[in-house]
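Please work from the sequences and hints to get the whole structure.
In order, the protein sequences belong to chains D and E. One point on numbering: in this note's numbering, the residue at position 67 of the first sequence is 67, and numbering is uninterrupted. Count along the second sequence from 1, then add 179; that gives the number in this note's numbering.
Note that these hints are calculated values from the structure, not bench results. Errors might be hidden in some of the hints.
Claimed, not checked - Computed cross-link-like contacts, DSSO-like style, restricted to lysine-lysine with a CA-CA straight-line distance of at most 30 Å:
1) D:K153 with E:K296
2) E:K356 with D:K165
3) E:K269 with D:K153
Listed below are the residues making up each chain.
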Amino acid sequence: MRKKILTAFLFLAFSAFGESDSQWVLEQCTLTYHVSHPLHQSEGVSHAARGKGVCHAGQCDFLIAVAVKSFDSGDSNRDLHMIQVTRGAQFPMVTVRTRLPEAASASATIHADLEIQFAGQTAQYKQVAFELVTHGNETRISGTIPAALSDFKIDPPSLLAIPVKNEMPVRVDMTWRPQ
Amino acid sequence: MLRKASRNWRSGVLGLMFAYLLLTLAPCLSAQTAAAGALTGKVSDASGGVVANATVTATSVDSGQARTATTGADGIYKFDMLPPGNYRVKFEAAGFKVMEIPSTAVDENKTAVLDWKLEASEPTAGAPTPASRDNLPNAPSSSTKAPSLEDLGFTPAQTQGSVQDQARLDKRTHMLKIHQRLGLITLAPLAATFILSANAGGKNTSTTDRTTHMVLGAVSGDLYFMTAYYAIRAPKIPGTETRGPIRLHKALAWIHGPGMILTPILGAIAYNQKNNGEKVHGIASAHGPVAVVTGAAFGLAVLSVSVKF
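Next up, the structure:
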């Protein structure tokens, strides 16, 4: 009987501990967008994203934000055109929000509902798959967001009168650690 | 002989002036005849009451040009003679939150209607910050505990956009698009000039061949300088380091730019020598080589930003 009470106490204590507020911090992040054109295959990379996750009652709210102008495609002219076409001077930040159960950090794969604000528009992506690999204190998350220019009402830029493809997948590689 | 050459020269110059006027005036004439649209609507509060003296700003998504209107006593605003396109529309009124519609379409010869209901502002709140706009009602993470941009260490200066900067970028892109198109158009008369140069500079050439070559060269030159104008006058973006193929594109301008000035000067001397029955000699004999280098540099400049090497 005493053993049962002790077990129940420990279970409650751990449950209470699990529901207490905790936070995750984005340690490293590489975001890569890919744009296709018959004459060009372009990629723009940013390492400037910042992120934070706040956990409460078993749910974690994550926010990742990055400046539009931080993406570098290796061509300053193309980068300026991208900022212009994505209205990056007027809406300088890209933000990604998601809510995940705290227990998801133990999974090998997660499917997240993302809300992305970009170019003055908000788009939602359902059940985007990400792979998780945990090394010690750090959790590496990688996946591809199937973004499209039309999701954000962006007119496809054109070169030699040929527009780029509407699809603009964004590769995500992030390393998170609990705070 | 001299009179004939002079007549040919005059007809060439007249042809050139006509082509120049056609090219210069055509966009203006088409712009003047383009049909315009209009945008109107009624601004009201949450209870449906009209809001007078509200400021409504319509900014063209394409050109960045902005126009402002004020609602009358009936809460109605109107923009006449708007160029067709997409517009961002911002509503501002004392005691109400600033609201902005990212895009509304205005079509040719039509009046788009955009009625808007303003929300009363919080007593202590000013204009909404990007962070507060992030907490949308439908956001999956709308919890009050959700992190904000300030939590991530972004300053308001980093997160707040600038309509003026966007307008500058829009203008830059607009001018560079014209630069690109004119550059491609210039290739056509330039190529024709090169092809006809065989008939203009050989031993058995006619005055007509030389004049055709000269006129085509002059048209190429005019188009070239119009192309250059749009690149030179495009707004510069401060703090931008030039990287990538655009560096080669800009560097080549130092070759084809002076070449485009030198080539017609040398060409005019060669033209006169030929018309006088002389063999092309002296500095004029450099006309061909200079033109080849100039044309090659120009072609490479086009390729440098068109094809990924």
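Tell me, in ascending order, the numbers of any earlier hints that this structure violates.
-> Violated: none.
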